[in-house]
Amino acid sequence: AQTVTQSQPEMSVQEAETVTLSCTYDTSESDYYLFWYKQPPSRQMILVIRQEAYKQQNATENRFSVNFQKAAKSFSLKISDSQLGDAAMYFCASGGANAGGTSYGKLTFGQGTILTVHP
Amino acid sequence: NAGVTQTPKFQVLKTGQSMTLQCAQDMNHEYMSWYRQDPGMGLRLIHYSVGAGITDQGEVPNGYNVSRSTTEDFPLRLLSAAPSQTSVYFCASSYNARTSSTDTQYFGPGTRLTVL
Numbered sequence: 001a002q003t004v005t006q007s008q009p010e011m012s013v014q015e016a017e018t019v020t021l022s023c024t025y026d027t028s029e030s031d032y033y034l035f036w037y038k039q040p041p042s043r044q045m046i047l048v049i050r051q052e053a054y055k056q057q058n059a060t061e062n063r064f065s066v067n068f069q070k071a072a073k074s075f076s077l078k079i080s081d082s083q084l085g086d087a088a089m090y091f092c093a094s095g096g097a098n099a100g101g102t103s104y105g106k107l108t109f110g111q112g113t114i115l116t117v118h119p
Numbered sequence: 001n002a003g004v005t006q007t008p009k010f011q012v013l014k015t016g017q018s019m020t021l022q023c024a025q026d027m028n029h030e031y032m033s034w035y036r037q038d039p040g041m042g043l044r045l046i047h048y049s050v051g052a053g054i055t056d057q058g059e060v061p062n063g064y065n066v067s068r069s070t071t072e073d074f075p076l077r078l079l080s081a082a083p084s085q086t087s088v089y090f091c092a093s094s095y096n097a098r099t100s101s102t103d104t105q106y107f108g109p110g111t112r113l114t115v116l
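Heads up: the protein sequence lines correspond to chains Z and B, in order. The opening residue of the first sequence carries number 1 in our numbering; numbering runs sequentially from there. The opening residue of the second sequence carries number 1 in our numbering; numbering runs sequentially from there.
Chain B with its partners taken away, still in its complex shape (with noise of 0.2 angstroms):
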């Protein structure tokens, strides 16, 4: 049980470069989210699902795309990446308590995204 799983841990990109962070989960969660890190600014909701096929955005959505084609996995794409994207971004997934005694909801490792 890995939990769940971000790749890449590190990532530099120029402006206008495209690319997708991945997620992943293997806790048969229904819910994921995305989150950025920005400092003195706590995490924000980029983008999240309630269970494959089904996503909707949240509280700084411009600038990213993403799908849920599968439970287990949650892609964050950047289209065309500025500097304002360099961030730590987490992926997390929580588990439905209609099945479950807990709530808890389970962060990745987090990826370390520079865009000069």
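This is chain Z alone, in the form it adopts within the complex (with noise of 0.2 angstroms):
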């Protein structure tokens, strides 16, 4: 079984600064991903970074970076330069994956993050 908690509802930003989303995690898988997926308001959802548990480097892709604490549990997502066009709904998710590293698409999601960027 897994679970995924985002504790904080709603966060906002100053465009041009940087802000933290929290997230952390419980799996009985030995082997999972952890994502990070954005929702603007016209619903799709749209990823925005992947980890694989396996890997010790934090995954990163362009202005979005991850603080992956296996130990801990706890994969928050770190984004820098904000932009309006970041503002939406962040979803953390986890997924177990097979014994050939394939993550199964069986995902769990937290409860998500509004993230509001002022200008």
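Everything labelled a hint here was simulated from the structure, so no lab data went into it. Think of the CB as a built atom: it goes at the ideal place given N, C-alpha and C, for glycine as much as any other residue. Be aware that one or more of the hints could be misleading.
[Claimed, not checked] Cβ-to-Cβ under 7 angstroms is the rule here; a few derived chain B residues that face chain Z:
1. Gly-42
2. Leu-43
3. Leu-45
4. Tyr-48
5. Gly-51
6. Thr-104
7. Phe-107
8. Gly-110
If you follow the hints, you should be able to join the two separate chains into one complex; please do so.
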């Protein structure tokens, strides 16, 4: 069984500043993936960043980076140089992987964090 | 390449009616899933499939049926709609990492369902 908890229902940031969204998880899987998804008002789910649990190095994608603390089961998302287009709901998710290291695609999502970006 | 498509985009049903939400992908993905999104609860897995002919239950399967006769299609059937099934439904698919360097789950645009 897996659980994902996002303890910040809402966050706000000034344009060009940095913001960190928190996520903690619990899983019985021996190998797993962690994801951050963005959902703008259009409702489309957009993958922001993914982290393979067996990798020590934190994933980065341009202005987005994660702080993955495996022992603490923490997976926070840092958005640098925030832009107005970053305003959205952000979901943290986890999913197990098979013996080949492939994500099953069965994701467990957190409750989401609404991010507001102020000009 | 259309990605993951879902039809319809919106639907209103009366209690007790049945309907099928359609999902199709043209990326030759092996894994497909159905989620529902309710306010304050994130997305929850309803059913998933790891290949044609293989399906299994997720976290909230009651009231829903699925089948996977082809790799491309994964329809979700509501047998007797209830107001508790009012939600936004997302279909998703992902590629087998044994044959791809990426392992991203792609989502469809969603279907907003209201049951009166």
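Hinted contact Tyr-48(B) with chain Z - closest CB pair below 7 angstroms: At about 5 angstroms, which falls below the 7 angstroms cut-off, the nearest Cβ of chain Z leaves the hint on Tyr-48(B) intact, so it holds.
Closest C-beta approach of Gly-51(B) to chain Z relative to 7 angstroms, hint status: 11 angstroms, violated
Status of the Leu-45(B) interface restraint (C-beta, 7 angstroms, chain Z): 6 angstroms, holds
Hint validity - Gly-110(B) Cβ closer than 7 angstroms to any chain Z Cβ: 5 angstroms, holds
Status of the Phe-107(B) interface restraint (C-beta, 7 angstroms, chain Z): Interface hint status for Phe-107(B): holds (4 angstroms vs cutoff 7 angstroms).
Restraint check, 7 angstroms cut-off on beta carbons, for Leu-43(B) near chain Z: It holds, given that the least Cβ distance between Leu-43(B) and chain Z is near 4 angstroms, below 7 angstroms.
Thr-104(B) as chain Z interface residue, shortest Cβ-Cβ below 7 angstroms: Since chain Z brings a Cβ to about 5 angstroms from Thr-104(B), closer than 7 angstroms, the hint holds.
Satisfaction of the Gly-42(B) interface hint, Cβ to chain Z closer than 7 angstroms: With Cβ-Cβ at 4 angstroms, under 7 angstroms, it holds.
In this structure, the one hint that does not hold is number 5.
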